[in-house]
Amino acid sequence: MDVLNYMRLFVEVAKRKSFRGAAEALDMSNSTLSRNIAELESTIGLRLLHRSTRKVELTEAGEVYFKRCQGIVEEALCAHESLRDVSERAIGTLRVSMTASFAVGYLAPILGEFSRAYPLIKFDLDCTPRAVDLQADPYDLAIRLGAPPTSPSSLVARKVAALPRYLYASPGYLRQAPALDHPDDLAGHALCGRPTSGGQFSARHSLRRGGETVVVMQESRFVTNGAAMALTMAANDLCIAVLDPRLARQEVAAGRLLRVLPEWQAESVEVHVITDTRHLPARSKLFIAFLKERLAEPLTVDNEPASGVAGQRDDEVRKASPPE
Numbered sequence: 011m012d013v014l015n016y017m018r019l020f021v022e023v024a025k026r027k028s029f030r031g032a033a034e035a036l037d038m039s040n041s042t043l044s045r046n047i048a049e050l051e052s053t054i055g056l057r058l059l060h061r062s063t064r065k066v067e068l069t070e071a072g073e074v075y076f077k078r079c080q081g082i083v084e085e086a087l088c089a090h091e092s093l094r095d096v097s098e099r100a101i102g103t104l105r106v107s108m109t110a111s112f113a114v115g116y117l118a119p120i121l122g123e124f125s126r127a128y129p130l131i132k133f134d135l136d137c138t139p140r141a142v143d144l145q146a147d148p149y150d151l152a153i154r155l156g157a158p159p160t161s162p163s164s165l166v167a168r169k170v171a172a173l174p175r176y177l178y179a180s181p182g183y184l185r186q187a188p189a190l191d192h193p194d195d196l197a198g199h200a201l202c203g204r205p206t207s208g209g210q211f212s213a214r215h216s217l218r219r220g221g222e223t224v225v226v227m228q229e230s231r232f233v234t235n236g237a238a239m240a241l242t243m244a245a246n247d248l249c250i251a252v253l254d255p256r257l258a259r260q261e262v263a264a265g266r267l268l269r270v271l272p273e274w275q276a277e278s279v280e281v282h283v284i285t286d287t288r289h290l291p292a293r294s295k296l297f298i299a300f301l302k303e304r305l306a307e308p309l310t311v312d313n314e315p316a317s318g319v320a321g322q323r324d325d326e327v328r329k330a331s332p333p334e
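Counting with the numbering used here, you get residues 11 to 334 for the letters of the sequence shown.
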């Protein structure tokens, strides 16, 4: 027995004191409504309504029941409408887990646009470097770079971008480094790598130019799983780093980084939004669509490959750097 639905039908009849009027308001037949009220009375074991050919009146038990049910039904309808607001309107708190590098390098520059478009959304952005349990922790979604998680199987991964990456180094590094005209020349350079499960200090990157692909595998003094750290090390003359131009553009504009082997592109990094359900509130749907649209946009500034390459003379490197 759907008690709440029976209550709703009874309240509508009691308010209108008419089965016909209540049936029209509820968009159901008069006979169906009458049968449901009879079932309710049978379940309770008390008559709630006096029926006549002219009108409907509440019995004493009906008066008591109506007073209690009216508030319950109104609260239930309000709760339903509130959930509809959450589902259909851009309101509420958006709780997102992401890495600090993604937050600073990608989200921060565009978040203002989204927040102005949807002023009723609040933002709780967690940049703690840890795995989160979307089924237990209070997050709407998590943003992750690389391959999406495969467990638990209930998680839903949505690909929102594939971020391009290129090789960058500082003018200071290039001045003292060997010539660099082809990916094969990287063997004589300090190339930043990523940590491996075996703990090796190595760098492995797949570089592509048109239909040509070169896989670079070599030992490395510097490994890090943080893009911001790789960028900082490269800007401080320690190594060559593989970076997204969005992360590197400020250092490029300031003359602290140059793009090397500009015709070659490293493997892109996929960005996934992870949720624990396909049924999302409007704020989450809008945020995911916004990320997908904005991260797909090509850079309009600071995205031209720098002309400085390893092996240039000092004056040539200085000419390749943007003016102070």
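Errors might be hidden in some of the hints.
Stated by the list, open to error - Restraint-style ranges between C-beta atoms, simulated for each label pair: (1) Ala118 with Gln228: 27 to 35 Å; (2) Tyr128 with Ala306: 16 to 24 Å; (3) Met38 with Arg168: 25 to 33 Å.
Quick caveat, the hints were computed from the structure, so don't treat them as lab data. Glycine is no exception: its CB is placed at the ideal position from the N, C-alpha and C atoms.
So, going through the hints one by one against the coordinates:
1. Ala118 with Gln228: 27 to 35 Å: holds, 34 Å
2. Tyr128 with Ala306: 16 to 24 Å: For Ala306 against Tyr128, whose Cβ atoms are near 20 Å apart, the range 16 to 24 Å holds.
3. Met38 with Arg168: 25 to 33 Å: Hint violated: Cβ distance 40 Å, outside 25 to 33 Å.
Of the hints listed earlier, the one the structure fails to meet is number 3.
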